[in-house]
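**Student:** Here are the chains, one letter per residue:
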Amino acid sequence: MRNHKMMGGLVALAIAASTVLSACGGDSGGSEVKTNADGTASVTIATVGSDSGSQAFIAEKEGFFEDHGLDVKVKIVANVPELAAAVESGDAQFALTSPTSIASAKSAGVDFTIVAGGAVYTADNPGVWIMVPEGSGIKSPADLKGKTIAVNALNTMPHLSTLATLEDAGVDVKSIDVVTLDFTQVGQAFESGQVDAATVTAPFNYQIEGDNLGHAIVAPYDAVNDRKDFYNTIWFGQSSLAEKQPDVVRKFQDALRDTNAWANDPANEAARKQILQDYTDLADKTLEGLQLLQFGDDVTPELVQPVVDIMEHFKVLPRPIKADDIIADVK
Amino acid sequence: MSATTAERVDAPGADRPAPTDRRRRPSRRWRSAVNLRGLVFAIGLVLLLELLTATVVTSVYVPRPSEIGSALLSELQRGDLMSGIGITLGAYLQGLAIAAVAGVVLGAALGASELAYQTFRILIEFLRPLPSVALIPFSILLLGVGTTTTVAMIVFASFWPILFNTYYGVRAVNPVAIESARIFGLNRRQVFFRVQIPSAAVNIAAGIRVSSAIALILVITVEILTRSGGLGYYIVRMQVAIRTEDMYAGIFVVGVIGYVVALAVAGLERRIIFWNSDIREGGDR
Amino acid sequence: MRSVLTTRLLPWVAPLLVLAVWEYAGRHTTSIYLPPASEVAKALREDWMWEHTTQDLLPSLKRFAIGYLVGSGLGIAVGLAIGSSRRVAQYTGPTLEFLRALPAVAVMPVAILLFGLGDGMRISIIAFGVLFPVLVNTATGARSCRQERIDVAEMFGLSRLQVIRRVILPSAVPMISAGLRVGLPIALIMMVVSELVGGKNGIGFYLTQAQSLFDIAGMFSALVILGVLGNLINWLYVRVETKQLHWGAHL
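Chains as they are written, first to last, in the working numbering: chain A, 1 to 331; chain B, 332 to 616; chain C, 617 to 867.
Misleading hints may appear alongside valid ones.
Claimed, not checked - In the EDC-like style, the derived pairs of lysine to aspartate or glutamate whose C-alpha atoms are separated by at most 16 Å in a straight line are:
#, chain 1, residue 1, chain 2, residue 2
1, A, Lys61, A, Glu269
2, A, Lys285, B, Glu576
3, A, Lys273, A, Glu62
4, C, Lys816, A, Asp177
5, C, Lys816, A, Asp182
6, A, Lys285, A, Asp211
7, C, Lys678, C, Asp735
8, A, Lys34, A, Asp71
As the list claims (entries may be wrong) - On the chain B side, residues computed to face chain A include the following (Cβ under 10 Å):
#, residue
9, Ile555
10, Thr557
11, Arg558
12, Arg568
None of these hints come from the bench; they were simulated from the model.
Every residue gets a Cβ at the ideal spot worked out from N, C-alpha and C, and that includes glycine.
Work out the full structure: start from the sequences and follow the hints.
**Tutor:** See the structure below:
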């Protein structure tokens, strides 16, 4: 009997140990891309369910991936951390995110690299606004001294660019009370007078204006690079993939280049909104007023460095990095 | 509301669930009356909300119940909501089933062997209170984004009540019953499977009931947080798409599913208790 | 001697083994997602002694405590009402069963509407999560009180409220206590959930911050804190429960 019990304990211990070991074993996260029998490469990409993530939707619908020999599966993922985890674990080969998260990753020792361009900020299409509730006395960033401002997440571009805007207006950023609030809840917070201002991306600004709850006072991204262009979102993957299989990266870049040409063409605006609606279920009313983002092809250090600079200015990065270090060299 | 949520039916001093057994029969007879009065109350509440949202609470973020109702009808026809329900229920049942099997097997093993129990005691005590939502980022790394992570989180959260109920159930078996079974010539293993496990069935059922409620909350929460498939994703997608009525229609469906699940689990438990008392009576004879 | 070995020493073998394997694997992996245990210990020392303990842990604990108390207080009150009156049970049953299944994240918009963006909203979410297990258990416990005892009490001229307080409540105590116990881990989950979505402090908030900065050791340290916290709360509860049950038995 004693023996029997002993065995049971040992077996259970062995099972537990092997579980722990196997859990630790999944670390390499190698995301090698296999080539199918018909010569296409199977790739999974992760993106967000909004206009900034719509390159993937367009390319899938319009067949640009197939044109370039890619068999792509598109996954919609919640937030930056999930996107990063999906790529790190090999669940997805490429994902869309903000350059800030790649800079944070590089600085923390994660080997991610930018493989293609996403949405570009341009002065006439900023995509992000600081908004204040209707009827508030706040007219300009200078009035925000000592106020409560909502941003969607700390240390991301909406947050840092808002701080930069305030600094330019001569406001001490330490006097500001920053709270995090999902974009979807800003309208409600305005309605009930919970915050004095909020940094909001499209399409939520249209909703808030449409419901007469608030209006934009300034585009915070104007303060990032003196109103010159920079990348708002980019596509990234593991550095090892870019080194070992540059052909896959090149195919992906070519497919996106076709996508961008199609998407940036004003003639396709209606079709593009239709695709966006198919993937995100945006209401007709919201889509109507939506200013669609412009996408960029080539990722140059000049278009990424402003983001790194603003992160360093507000001391977000534990270790300084250069834009050059986070852009894949596959040319 | 005949469903209960006790982690341990055999609370200190209480004899096996005699009170619940005795009370259950009359409560069944009320059932038709319960539904009618409950319906009246629910309808009254909805009408009150309709009135409030039409007059006092005029936020654009609080749709009126009638708007939610019509949104629900049109969404149900569109199919998106339906497929969401399917995915959610699939993950829910899968997670609960895995948790039930693993919880019962491990709980029984720990209950059977003091050595095994002592070996894992501290590990279990440490892991048990970890909120599963805090594990989501780790789960995504290991299992990727998608149903696997959702199921894993459900399993982690709903595993513990079942494990502990099984453990306590196996442990709490009347020593006299074990002794007499041994006198009748059953060996240890036979005693375990024929006496201890069957009499733990009530406890196991109670554990599964607790877990069935936790698992439902978890499946929606994880789907909302990770935006992977199912009703939770539907709700968050509608929220992001600024379609508030449709979002509340999705939330309403979650409530309905919870109601149905609670009824189903209560019914299932009645059968298990019935079956169990059958066995016990057979044993006594 | 043998039993002392099994109960005192054996339980520590597996945790130490896990720590050792973790340390070894952490040192020999290339993935930054598995920092060795010593790195996590360093994060624990640097972050949680005591900067984030005051900044994040204490606010979390405060909301947890208030939310748990409010939720269980409401649960016991409503549960007693339902359990001691068939009519109340019949009217409210289906509606409560429906509300019970709603996940707190889904009711967040309503909570914001009612309680704003601050602590009130987060506390209400914790309370919402705790309310139902306590309520359902209290109702069941109250219903299990023998009718004869209630009849006798009424014969002696006790009012409805007195009957509930003196007769029904004491006999419901074991079930209430079981419900309060189920509520603990749920409250802990809700505490984290309420901090993951928006906010400016709390353990859940720390976790998301660490995650977005790829501070994996920090993430693990938050998990360790949560595990320790869960055990402390459980231990505290068992102590209070033993005392209160004792009190209940004498009532």
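**Student:** If a hint holds in the structure, say so; if it doesn't, say that too.
**Tutor:** Okay, the hints, checked on the actual structure:
| no. | hint | in the structure |
| --- | --- | --- |
| 1 | Lys61/A <-> Glu269/A | holds, 15 Å |
| 2 | Lys285/A <-> Glu576/B | holds, 14 Å |
| 3 | Lys273/A <-> Glu62/A | holds, 13 Å |
| 4 | Lys816/C <-> Asp177/A | holds, 10 Å |
| 5 | Lys816/C <-> Asp182/A | holds, 12 Å |
| 6 | Lys285/A <-> Asp211/A | holds, 11 Å |
| 7 | Lys678/C <-> Asp735/C | holds, 9 Å |
| 8 | Lys34/A <-> Asp71/A | holds, 10 Å |
| 9 | Ile555 | holds, 9 Å |
| 10 | Thr557 | holds, 5 Å |
| 11 | Arg558 | holds, 4 Å |
| 12 | Arg568 | holds, 6 Å |
In the structure shown, no violation is registered for any of the earlier numbered hints.
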